[in-house]
Amino acid sequence: MHKIKNLIVSTGFILAIYGFTLPELPYKTDALEPVMSRETVEYHHGRHVKAYVDKLNQLTAGTDYENASLTEIVRTSTGSIFNNGAQIVNHILFFDGLCPEAEAKGRPSGELSDAIMRDFGSFDDFKKKFGESAGNLFGSGWTWLISDADGNLGIMTTQNADNPLRNGKVPLIAIDMWEHSYYIDYRNEKNNYLNNIWKIVDWDMVEKRYSDR
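Residue numbers for the sequence shown follow numbering that gives the first Met the number 0, beginning at 0 and rising by one.
Among these hints, one or two may not hold up.
[To be verified] Okay, derived cross-link-like pairs now, DSBU-like style, lysine-lysine, Cα gap no bigger than 30 Å in a straight line: (1) LYS127 with LYS207; (2) LYS128 with LYS54; (3) LYS207 with LYS27; (4) LYS104 with LYS127; (5) LYS104 with LYS128; (6) LYS198 with LYS104; (7) LYS54 with LYS189.
[To be verified] Have a look at the derived ranges for each label pair, beta carbon to beta carbon: (8) ASP29 with ALA50: 16 to 26 Å; (9) ASN66 with PHE137: 19 to 29 Å; (10) MET116 with GLY61: 21 to 31 Å.
Hints were generated in silico from the structure; no laboratory data involved.
A quick note: this is a predicted structure, and the numbers were derived from the prediction, not measured.
Here a beta-carbon is modelled for each residue, glycine too, at the ideal position from N, C-alpha and C.
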């Protein structure tokens with residue numbers, strides 16, 4: 000077994016030589032309550048993400064991608080292999096970027112805080128612009144805080160499984176805007192989901208991704 004190279008995540012997500020495996024969560028399935036229920040986490044991670052892993056193993060068996068890293072799959076593949084591989088990466092970035100509310104510090108610090116002030120005006124302005132971008136996303140997809148290699152920040156929305164790595168950007172925050180990420184807890188009130196998700200963002204992890212860009 001070997002670690003995936005160049006994937007900015009907190010866990011040592013492992014790519015087995017003979018197949019992709021479902022990464023473990025860095026917390027218990029009820030640790031994000033009340034913002035995100037155990038039922039949501041169990042269905043979202045234990046079923047949706049597992050389905051992507053299982054499908055990717057099927058699709059890549061006997062192909063050049065069978066032993067590829069997930070970042071290589073995201074950057075170079077197309078079609079179903081890309082969709083399933085990218086969704087695994089997206090969900091790692093999503094789940095590893097969250098933490099229990101009691102452990103969340105509420106806002107960034109240090110270099111990342113300075114960059115947010117520089118590029119968005121204030122932390123509140125950043126959250127407002129991020130929420131507007133996510134709220135206006137039609138259909139299924141993701142909203143991201145991204146950085147370029149020089150540390151300049153931006154907000155990006157992507158449809159379906161698309162990932163900023165395809166555009167040479169570093170994903171710092173990934174917020175899942177597919178309905179399965181919020182419908183159990185919030186039904187169609189996705190703005191409530193967006194407002195509450197900030198309570199469990201792991202800013203220590205986001206800062207690490209920024210410093211490691």
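Item checked: Agreement of LYS104 and LYS127 with the hint, judged by alpha carbon distance not exceeding 30 Å -> Holds. LYS104 to LYS127 sits at ~19 Å (cutoff 30 Å).
Item checked: C-beta pair ASP29, ALA50: status relative to the range 16 to 26 Å that was hinted -> 22 Å, holds
Next item on the list: Kindly confirm whether 19 to 29 Å is satisfied by the beta carbon distance between ASN66 and PHE137.
Entry: With a Cβ separation near 37 Å, ASN66 and PHE137 fall outside 19 to 29 Å, so the hint is violated.
Note to self: Tell me if the straight-line CA distance from LYS198 to LYS104 falls inside 30 Å.
What the structure shows: 8 Å, holds
Item checked: Restraint check for LYS127 with LYS207, where alpha carbons must lie at most 30 Å apart -> Distance of about 23 Å is within 30 Å: holds.
Check: Can the restraint linking LYS104 and LYS128 be considered satisfied, given a maximum Cα separation of 30 Å?
Finding: Between LYS104 and LYS128 the Cα gap is close to 21 Å, so the pair holds against 30 Å.
Notebook entry, point to check: So does MET116 sit 21 to 31 Å from GLY61, Cβ to Cβ?
Noted result: Given range 21 to 31 Å: violated, Cβ gap about 51 Å.
Item checked: Pair hint LYS128 and LYS54, alpha-carbon separation not exceeding 30 Å -> Not satisfied, since the Cα-Cα distance of roughly 35 Å exceeds 30 Å.
Next item on the list: Sort out whether LYS27 lies within 30 Å of LYS207, counting only the CA atoms.
Entry: OK: LYS207 and LYS27 at ~22 Å, within 30 Å.
Note to self: Between the alpha carbons of LYS54 and LYS189, is the straight-line distance 30 Å or under?
What the structure shows: 28 Å, holds
Checked against the numbered hints given earlier, this structure breaks hints 2, 9 and 10; the rest are met.
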